[in-house]
Amino acid sequence: MPTVTVRIPTPLRGFTAEADEVTVDAADVGGAIHVLNAAHPGIAARILTPEGELRPYVNLFVGTHNVRDLDGLASALREGDVIAIIPAVAGGAR
Amino acid sequence: MSGQVTLSPEARDGLRRRAGRGYPQEDCGLLLGRREAGRVEVRRALRVRNRAGTGERTRRYRIDPADYLRCERRAQAAGLDVVGIWHSHPDGEAAPSRTDARLAWARWCYLVAAVDRRGVRELRAWTLRGAGFREITLAPCPR
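These protein sequences, in sequence, are chains A and B. Heads up: the first sequence begins at 1 in this note's numbering, then just goes up one per residue. Heads up: the second sequence begins at 95 in this note's numbering, then just goes up one per residue.
So here's chain B without its partners, still in its complex pose (with noise of 0.2 Å):
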């Protein structure tokens, strides 16, 4: 992956909209666009059930398999992929943590929303590089 990302507007609305929905709990979900000569292009963001146990969710997401699994589908009806994930930090910074780092995927844009009582303070995506998050331009979508 190059080192840029673009949000749709539709994708931009739905992270503010979405990213704090869950506070003070983590709020997390899948990325859907189209990754084209390494540069990423998301389309839309959906929001899925945090599943991490209870009691872990103000610091930990887990996305169900199952739950993936439908994003996915509804990603391939659309002619789209899933392109990367998203997750909030409540009260945190728009960094990944260690945790975030020991779980990543490589050829992901991962997008971590800053959340507090508010709403979204401030959003920034990310790319794994060797063992850790090397951070890339995120971008308005031209269109």
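With the rest of the complex left out, here is chain A (with noise of 0.2 Å):
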């Protein structure tokens, strides 16, 4: 089971007691988020919805690709890789 580094953004840091990346072993995007949860509860919620499905509003990187643009949460892992956890950035005045 490969062991990956899932980097941790701030507005989500609550739930891992401020660590900005927390190491897990998994096979595939899915399943990091899975032990990422087991180890603090919650955080999962804010990725996925109840269905299991990745939220609109976040977005996975394993190294520099989209996990959108690969197997989705489905997506394989290698030893050493960096999930970054990315929370959509918008807005605007009206």
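Just so you know, the hints here were simulated from the structure itself, not pulled from any lab data. Note that the structure is predicted; figures quoted are calculated from it, not measured. We put the beta carbon where it would ideally sit given N, CA and C, even for glycine. Nothing false has been slipped in among the hints.
Footprint (simulated), chain B over chain A, 3 or more residues, beta carbon under 8 Å:
| no. | stretch |
| --- | --- |
| 1 | 5-17 |
| 2 | 58-69 |
| 3 | 79-91 |
Reassemble the complex: the two chains are provided individually, in unrelated frames, and hints are given to aid placement.
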């Protein structure tokens, strides 16, 4: 099982006792989120819908690749990969 | 987050230079700094391309996740974090809109710059509290 690093953005660090990254063992991205949530309960609900899909306002990157352009949550991981959780950033005057 | 955010001279100058550059379109970017004991210290203000749709950019901004990732890596390399977001309101107020509140994240600092054709008129800081924003004190960095 590959060991990978999950980068935690500031808005979600309340779940990780302020840790900016967490190391997990997982074969794919969905598995990594599951393991992350086992160690830091509640964080997965901010990333995934109740149906287990990636929320529209969150992006996950493996290295420089958005998992939406790969195999989504089934995207395979390799030893040493870095998963970045990226909150969608948008807004405007109206 | 407590009620204060400090801006380094570099960040303040950067915002003054960049926040109105795209007028009359909205400008946007990421704030890099440190967050300690609930207080935010902004060291750098990076400008990021507004990826909102053509025709929407006078009233909307959107940061591409790949651009965010590049900024986050710059922050990490400098020993900093992404501590917030800045954006401009062309010919508007330095206060978040309902759209801003709907799309905001807790624990980040949001700087909103009111800009016109002459540049930045006003800069104010906000943080999400529940479903709405609360203004926080914006102070120069003491160092």
